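As you go down the protein sequences, you meet chains Y and W in turn. When the letters of the first sequence are read in order and numbered with the working numbering, they come out as residues 1 to 406. When the letters of the second sequence are read in order and numbered with the working numbering, they come out as residues 1 to 406.
Keep in mind that the hints were calculated from the coordinates and are not lab data. Just so you know, these numbers come straight off a predicted model, no measurement behind them. There could be a bad hint or two in this list.
[As the list claims (entries may be wrong)] Covered by chain Y, per the in silico footprint, the following chain W stretches (three or more residues, Cβ under 8 Å):
| no. | region |
| --- | --- |
| 1 | 114-122 |
| 2 | 126-139 |
| 3 | 195-203 |
| 4 | 353-362 |
| 5 | 367-381 |
[As the list claims (entries may be wrong)] Estimated spans, in silico, between C-beta atoms of each pair:
| no. | chain 1 | residue 1 | chain 2 | residue 2 | range |
| --- | --- | --- | --- | --- | --- |
| 6 | W | L347 | Y | V170 | 28 to 38 Å |
| 7 | W | H329 | Y | V324 | 45 to 55 Å |
| 8 | Y | E286 | W | H329 | 43 to 53 Å |
C-beta: ideal position from N, C-alpha, C; glycine also.
Listed below, chain by chain, are the residues.
2 protein chains.
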Amino acid sequence: MRILVLGGDGYLGWPTALHLSRRGHDVGVVDNFARRQYDFEMGVDSLVPIARLQRRVRVWEEVSGLQVEPFIGDLTDPTFVSRVLVEFRPEAIVHFAEQRSAPYSMIDQKHAVYTQVNNVVGTLNLLYAIADVDPSIHLVKLGTMGEYGTPNIDIEEGFIEITHRGRTDVMPYPKQPGSFYHLSKVHDSHNIMFACRIWGLRSTDLNQGIVYGQETPETKLHPDLATRFDYDGVFGTVLNRFAVQAVVGHPLTVYGTGGQTRGMLDIRDTLACVELACLNAPAEGEYRVFNQFTESFTVAQLAQMVVDAYPGRVDIDYLDDPRVEKEEHYYRAAHTKLLDLGLVPHLLNQVTISSLLAVADRNRERVDPAAIRPTVHWRSTASTLPTAGSAPGTGRDLASEASTDS
Amino acid sequence: MRILVLGGDGYLGWPTALHLSRRGHDVGVVDNFARRQYDFEMGVDSLVPIARLQRRVRVWEEVSGLQVEPFIGDLTDPTFVSRVLVEFRPEAIVHFAEQRSAPYSMIDQKHAVYTQVNNVVGTLNLLYAIADVDPSIHLVKLGTMGEYGTPNIDIEEGFIEITHRGRTDVMPYPKQPGSFYHLSKVHDSHNIMFACRIWGLRSTDLNQGIVYGQETPETKLHPDLATRFDYDGVFGTVLNRFAVQAVVGHPLTVYGTGGQTRGMLDIRDTLACVELACLNAPAEGEYRVFNQFTESFTVAQLAQMVVDAYPGRVDIDYLDDPRVEKEEHYYRAAHTKLLDLGLVPHLLNQVTISSLLAVADRNRERVDPAAIRPTVHWRSTASTLPTAGSAPGTGRDLASEASTDS
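Put together the whole structure using the sequences plus the hints.
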């Protein structure tokens, strides 16, 4: 199957591309390196050194004999998007190419506007290009479980049957997202559903939970195939960040009481889910939603699991929650559709956490402890970060890149 | 009360500003003249001649002795937005300043992207500026009944109580909008609700039906106080367009069977609703939704009412529906909150329709019959309009303006 991976240079896009390549698909990757640019802007770096995309692709071919075709450009450029679709002729497009950090979107007005414009316009351009070039292309779009928020009823997979004043209809599940980033994905979901309706496109919206882990069978084959690993207060996600904090002797930073419950999944399950979605395309005109996570945990539970797994002493620091979110809440979310397609989850256990701790330990000298604390506060309209007030993506000339390319 | 009217040069913004001014409020108007620019781009013009904003403001002062303060600029410029709020210090902001035509948003990729970026970024900038300058400012935002689509259950005012698997919660009403324009308003609604939650802002989202009528007590005081009146296939709304078609002997263009049911209201009720919302502000942090319409009609009913009211012969032309929408559907939508605040509706009757026909008749020599037919088709990604493929708002240099300013 011909599959194009958008955001194919990123944390999940790159290992997804390798996984699909090894599974026998013809894979192209598209990236504008925005994620690497955010590193320059924030003054942070992936914990694990990462090679440049061109090098990664060469190493993959050396190691596997398989080719992954790179396309360098920006989805907000509609001419580029159409050109890539015409040249590569994908049967499925896996769309990871969005700004994906909630704190980054909450830095200030410029970062909120950047996040929504970048994400919404990129996806709009993609929908138009698919409709123009080949409406049968299956768009596999990465959404987030954060689109739903934390309602006091069960979360379903995208749609809910509502009986109201004696009548019944199946409606889109109401969304109550918690950041301008999460909102951008809600906007995307509405736009995609509409495009499927008017143009007969087919799309799967993968509302993904929080991903943990860094190694996949393919990225382990060579150091230059490694994917990035973020632990900082802006891009670091909860379990990955805890592993790094434990290793460097930093208290685990739990926001509020830690009662926030979130759906989680292993990075290897992301790869499997994406392939399952590609292999089982929806019908023409169908917009469907899968909730892509395997287990739910509270933040406090995750912290305790890291405390238990780490051989040394680990403290927990309960910080005032920088976000506006419920710290204690009901949470029960359906996630059976991917299991029905055959997903066999990697559940979170001591082995997984130990492997995460080992990744962190091997790279402990690269940790910048100053980057760990939360610097973006939801109740404030502007953070005190040096980047606040400047437009994102304009630091290219100022940046000096620490290359890991050989 | 100090009230700023955004989009104060437009069809509803201008008469709203006059109404609020005559009712004793201190009124400022903000506009970037995008709506006049669309006329140049599309090669059409308001049926009723309209004076320039600066002239309108002068005439209003001559006629009424009251001042309306104009601010010329664009909401997508955050510096401008903040400056206006600091200078004018409004207690309420009435936000009409969005691209409001569904067909315009469906012309092609560029117009879809323009509509969503213009509307979403303008409103985001406004939310940030309110939070920074004065979070107590009440944002009265114009949404649309089209955000809801046509579900098979009753439409409520913004929120719905859902009981699901034995638990109950009050949730945002699910949205199924029917164009990239309507989608932009759904995106706004989500963004505004979130801003109220994190920053304690107060906002009323007025989900307005289709407005008919052109004259208000204030605009009738002088020809240069008239508001615009659109009858073309892109910006003309249903009843106004039918009135013009009847007068020039053009068949009424009903899309599909005409079974589409929509909430409607008289232009004078828009003015009253907006003032009622301003005078009854929500609490700090509260996001509330009013459905702003007074009656529901099918398109076929509206056409028949025009046929019955017009003294001459009127034909009806049932066109293939250029939109993707249900032509026959259930429709029952709540609209009690504005009535509870004291709204006394002007219901649609023969007098109203005759007055509309009279406006059309007085300006019949200005009608361009070529502009009436629908030119934008939802199932196509690009219309055949000359403007398709060019970025909106760039026609300024090419346009030769037929000024009505003296």
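Verification of the hints:
1. 114-122: Per the Cβ count (4), the hint holds.
2. 126-139: holds (count 3)
3. 195-203: holds (count 3)
4. 353-362: With 0 residues closer than 8 Å to chain Y, the region 353-362 of chain W misses the three-residue bar; violated.
5. 367-381: holds (count 3)
6. W:L347 to Y:V170: 28 to 38 Å: 35 Å, holds
7. W:H329 to Y:V324: 45 to 55 Å: 38 Å, violated
8. Y:E286 to W:H329: 43 to 53 Å: 21 Å, violated
Violated hints, in rising order: 4, 7 and 8; the structure is consistent with all others.
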